[in-house]
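Letter by letter, the chains look like this.
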Amino acid sequence: MEWLIWLIPLLPFVGFLLNVFVIRHERPAGLVASGLVAASFVVAVTAIAMLAGLPEEERRIISVGWEWINAGDLRVPFGIMLDPLSAVMVLLVTGVGALIHFYSIGYMHGDARVVRYFAYLNLFVTMMLFLVMGNNMLILFLGWEGVGLCSFLLIGHWFERKSAAAAAVKAFVVNRIGDAAFILAMLAIYANFGTLNFYEVTVAGEVQPGFLERVPEIIGQSFGPSWQPIALATGISFLLLIGATGKSAQFPLFVWLPDAMAGPTPVSALIHAATMVTGGVYMMTRTEALFAASPATQTWVLWVGALTALIAGTAAIAQWDIKRVLAYSTVSQLGFMVAACGMGAYVAAIFHLLTHGIFKALLFLGSGSVIHGTHDTQDMRKMGGLRTAMPTTYWTYLVGAGALAGIVPLAGFWSKDEILAHALSHNHWPQLIILFLTSLLTAFYMGRQVALVFFGTQRDTHYHAHESGRVMTVPLIVLAVGAVIGGAINLPWGHWLTDWLHPVLHEEAGSFNPVLALIATAGAVGMSYLGWWLYTSNAAKVKVGGKDPAYRYTGDIWDGLEEAWYVDRLYERVIVQPFRGLGDFLARVFDPQGIDGLVLGIGRFFGWAGAQVRELQSGYVRTYALVFTAGVVLVLSFMLIFTR
Amino acid sequence: MESFPILSLVLWLPTLGALALLAVPRDNAELARRIALMVAVLTLLASLALPLGYAPAAAASDGSLALQFVERVPWLPMLGASYSLGIDGVSLWLVMLTTFLLPIVILSTWDSVHKEVRNFQILMLLLATAMIGVFVAMDLLLFYIFWEFTLIPMTLLIGIWGGSNRVFAARKFFLYTFSGSVLMLLAIIGLYVLNREALAAAQPGYPGTLDISAIAANLRSGVFRLDPAMERLLFGAFFLAFAIKVPLWPFHTWLPDAHVEAPTAGSVILAGVLLKLGSYGMIRFNLTLFPEAARWAAPAIAVLAVIGIIYGAIVAFAQTDMKKLVAYSSVSHMGFIVLGIFALNRAGVSGAILQSINHGLSTGALFLIVGVLYERRHTRELAAYGGIWKVMPVYGGITLLVALSSAGLPGLNGFVGEYTIMQGAFLAPELGWPFLGFAVFGVVLAAVYLLRLYQTVFMGELDNPENQGLQDLNRRELVTLAALCVPIVALGLYPAFALGPMQASVADVVNGLANTVAGRIDLLP
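Residue numbers (the working numbering), protein chains in the order written: chain W, 1 to 644; chain H, 1 to 525.
Hints were generated in silico from the structure; no laboratory data involved.
Treat the hints with care, since some could be wrong.
Listed next, with one range per pair, are the computed distances between beta-carbon atoms [unchecked claim]:
1. W:200 - H:479: 18 to 24 Å
2. W:594 - H:190: 43 to 49 Å
3. H:19 - W:207: 40 to 46 Å
4. H:320 - W:299: 45 to 51 Å
5. H:300 - W:65: 39 to 45 Å
6. H:49 - W:604: 37 to 43 Å
7. H:19 - W:602: 37 to 43 Å
8. W:49 - H:9: 45 to 51 Å
9. H:202 - W:636: 29 to 35 Å
10. W:602 - H:9: 40 to 46 Å
11. W:54 - H:53: 29 to 35 Å
Reference excerpt, derived from the structure (chain H facing chain W, CB under 7 Å, subset only) [what the hints assert, rightly or not]:
12. 314
13. 317
14. 320
15. 411
Fair warning: this is a prediction, and the values are worked out from it, not measured in the lab.
Note that the Cβ used here is the ideal one computed from N, Cα and C, for glycine as well.
Go ahead and model the full structure; you've got the sequences and the hints to work with.
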């Protein structure tokens with residue numbers, strides 16, 4: 001059983017190695033890459049079936065491969081585990097991952113570097129699996145940065161485009177800021193618990209403790225200056241929160257995700273919607289004990305999530321790029337999940353993570369199908385009326401949009417409702433209102449998008465739109481089915497997911513609030529219809545390269561929304577440019593003239609002093625005698641003073 | 001020890017090769033290269049016996065160092081100097097790093113050295129002996145001789161085979177590092193005299209010793225005591241020499257000049273091994289012999305190290321010359337190593353040793369990588385490049401791997417070293433989290449400047465017509481770079497392989513710190 005769980009991440013890794021070192025042609029590359037991820041999915045299903053066969057409290061399989069770091073005080077095993085929480089993540093990663101691999105065979109057909117593309121994709125799945133299966137923080141971090149690397153590689157897949165290259169670097173660097181905080185959190189965890197393992201584990205016959213089981217030990221401890229002590233749990237969990245804002249694209253570090261859309265669309269679906277960006281939510285859920293120990297951090301988490309949801313939701317309504325709408329929507333939905341974590345509703349967060357993973361992957365793949373069928377058009381102003389040309393894409397997209405908007409009984413409705421219901425029952429009123437408003441915005445911008453893309457008439461007629469091939473539409477259909485029935489895993493009456501996660505999260509199922517559900521549904525339906533109606537009835541006013549019809553009424557505010565409240569520009573002015581200035585100053589002025597100037601100055605001084613001393617060699621005996629006498633006096637007085 | 005003198009073999013093989021090269025006609029470049037390569041490979045093979053035969057051993061009870069492969073032949077008995085060699089867990093992997101880099105560097109000269117090839121190889125082999133000598137010499141005089149001798153071949157390599165401003169750079173390199181070591185010589189003499197006086201009081205006729213292990217034992221057992229002021233003075237004299245060599249901020253300004261002017265092979269050795277002489281010296285002398293002073297100075301040194309981490313990274317970011325960028329990145333990375341050493345605990349010191357190896361591999365590889373482009377285009381300006389990945393895919397892939405290793409991506413070697421160092425510094429009672437709060441910016445900035453390098457050179461449009469005909473790596477370049485990638489990945493996934501054997505010695509150093517300090521505190525009024 002233990003070796004079986006190693007197969008889950010290793011199968012995609014074999015695919016990576018094959019695609020890097022052996023395979024040189026498109027067809028085998030795609031088949032091997034997809035086949036191995038699918039195989040990984042099958043193994044995962046088998047392993048999880050066996051896991052489910054165990055008694056509830058024993059459902060955790062840990063396997064340590066070798067001792068990774070053994071540096072005296074610091075010891076970290078290289079180990080992975082499968083428990084109920086990891087299990088659902090593994091299913092999402094390998095299941096959706098396999099579908100997206102298959103889809104990529106069609107989407108990337110004819111690309112110049114397609115073999116490399118599949119290699120990166122396989123490596124991504126491997127790293128994502130390490131992220132969700134690691135049995136300690138450092139393995140989680142290995143996956144965490146590994147997926148960041150793959151994200152960099154895949155965003156930059158078409159690196160000839162300057163924008164893609166810049167977006168790739170930006171994504172990695174912004175993530176690194178969060179990662180630095182993550183590292184500090186790990187250092188603090190190790191310093192206080194003496195371990196980075198989540199749970200107790202036996203390494204080479206020696207029992208190492210797990211820190212999640214020991215969190216109560218640090219409650220009440222604090223650090224920092226005496227005039228402002230900070231609770232230890234708050235410090236650690238806050239650092240983890242910063243880490244999560246990087247990876248899960250939360251305010252204030254969300255700016256990399258919209259740019260990341262420069263990558264191929266299946267990548268956006270897999271990495272920047274379904275899996276990688278949910279890493280932060282997974283991590284906070286895994287270390288839930290630390291967050292629970294700090295009400296202060298929890299408040300921050302809640303506000304970060306809620307504000308991110310709102311900011312990104314408002315930005316999404318003003319985008320023209322079909323993928324940027326979805327990107328901001330992803331940021332917004334991640335805000336929902338983070339807010340759920342902040343409320344302590346971790347099951348709801350994971351539930352929304354899973355359903356969102358399915359329907360957002362569906363939407364991205366649908367948009368990819370649109371882009372593919374319209375010959376690389378991404379500007380929605382150039383689309384319109386694609387309903388007839390691309391029926392399968394249209395219908396599946398409609399399902400995905402409905403699920404995202406929260407239309408009953410699609411998957412998104414149930415998971416979003418669970419978050420709102422929890423906010424209501426625990427009296428988080430401000431956040432409830434913000435999240436509710438955001439869900440109205442969500443419905444609106446999806447209605448707008450569907451109207452702009454699929455309804456009306458085609459505004460740019462330079463291309464001939466066509467439906468995508470079966471290798472792309474079949475994954476769409478499978479995901480659409482998932483988006484319809486996905487909510488069933490945690491219906492208010494069955495709450496299967498809550499029970500499954502109970503050994504990890506110890507949560508009880510929340511109550512279903514029919515009034516809230518009714519209001520939310522009415523709002524979703526109404527706003528979707530409004531968005532759709534506004535942009536079908538005003539379709540004539542949408543011009544290629546023109547302004548949005550709403551611009552007439554909102555003016556510059558609309559531009560502000562389109563730029564996501566100018567956060568990016570703020571960073572450019574406040575951080576990036578001053579940093580460049582500082583770098584230039586240090587490199588061109590301070591280092592050569594300040595530090596090195598001093599060094600060279602000392603060198604020149606000795607050169608000068610040498611020249612002076614040379615002149616002392618005058619040859620006059622009386623001069624020598626004088627200097628000699630002075631020297632003797634100096635030495636004698638020194639000895640008299642200091643050797644008493 | 002009555003066994004085969006394996007250390008002497010590893011130490012003198014390159015010199016023998018250099019002597020053999022004297023017999024080669026000056027203009028027969030190919031033959032000179034082949035002989036040098038053969039010698040380097042033989043040295044590497046001989047040195048493999050070291051880790052294979054190395055048995056991690058606990059410290060001896062009398063406080064002397066737990067050395068292995070010891071060879072000791074009296075040399076100048078009236079001074080107590082001997083030809084004394086030995087390695088422990090601190091020096092084992094540094095010797096291996098040197099013998100591993102040597103064939104790689106020599107292989108790279110096929111593409112990068114085109115004049116006076118024979119003499120170049122002779123100097124390179126002599127330099128190898130000197131560097132290995134520094135790591136294995138267990139006698140202060142012998143150590144000092146090797147230490148100073150590394151300067152001569154390196155200065156000549158820069159001054160003869162360097163770039164346009166080579167004479168200035170060579171002279172700066174020589175004078176700067178030499179002035180640091182003069183103080184060290186004074187300290188060595190002082191240490192010798194004080195030790196002899198201290199022991200002669202109890203044992204009349206004691207001739208004195210220059211044996212490092214014996215002096216360490218005397219200090220630890222308490223028969224040789226230094227008063228705190230003198231200890232700090234000696235500590236400072238040694239430290240200055242090492243800090244310049246490392247180089248620790250603000251003693252770093254010789255490094256960019258030396259790197260920019262040095263030939264590729266010289267840069268690889270300079271960054272790969274020569275800088276490590278400094279970090280090795282800090283552990284071997286400053287920590288082992290002067291524990292109280294080390295503890296006293298640790299916070300101040302750590303501040304300099306952290307400044308170096310951030311300063312080096314920011315300055316690296318602003319460079320337009322690739323080699324200068326990599327040179328300043330060394331300042332940043334070596335700052336981490338010094339931080340780890342002066343964490344004064346096992347995690348910190350082990351991390352520092354491991355990171356010394358990692359930095360040698362990654363930065364050595366980065367200099368080779370810059371050399372590859374320089375040989376093709378004769379410029380190192382970032383602005384001259386862009387979109388190279390398209391025409392040089394293998395080269396691009398390897399560069400990315402090496403850059404990420406340097407930037408500390410988990411799964412590759414750099415991360416393990418950096419994390420271990422940071423954990424050590426975090427746990428150190430003298431340092432703690434405020435230091436890390438700053439040092440961790442080095443991790444962010446490393447990604448910034450390395451990915452900026454990568455983005456400008458490899459990504460974007462291939463718009464410069466001169467770059468469109470670039471050839472991907474030839475077989476020789478591929479072998480040299482791939483050989484470096486193997487340990488980069490291996491040490492990332494299984495660092496325990498290297499960390500394991502060094503633990504006993506590191507524990508010895510750290511225990512020495514703890515015990516001596518405890519004893520000293522009792523003695524103070």
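Checklist entry - If you check each hint against the structure, which ones fail? => result 1, 2, 3, 6, 8, 11 and 14
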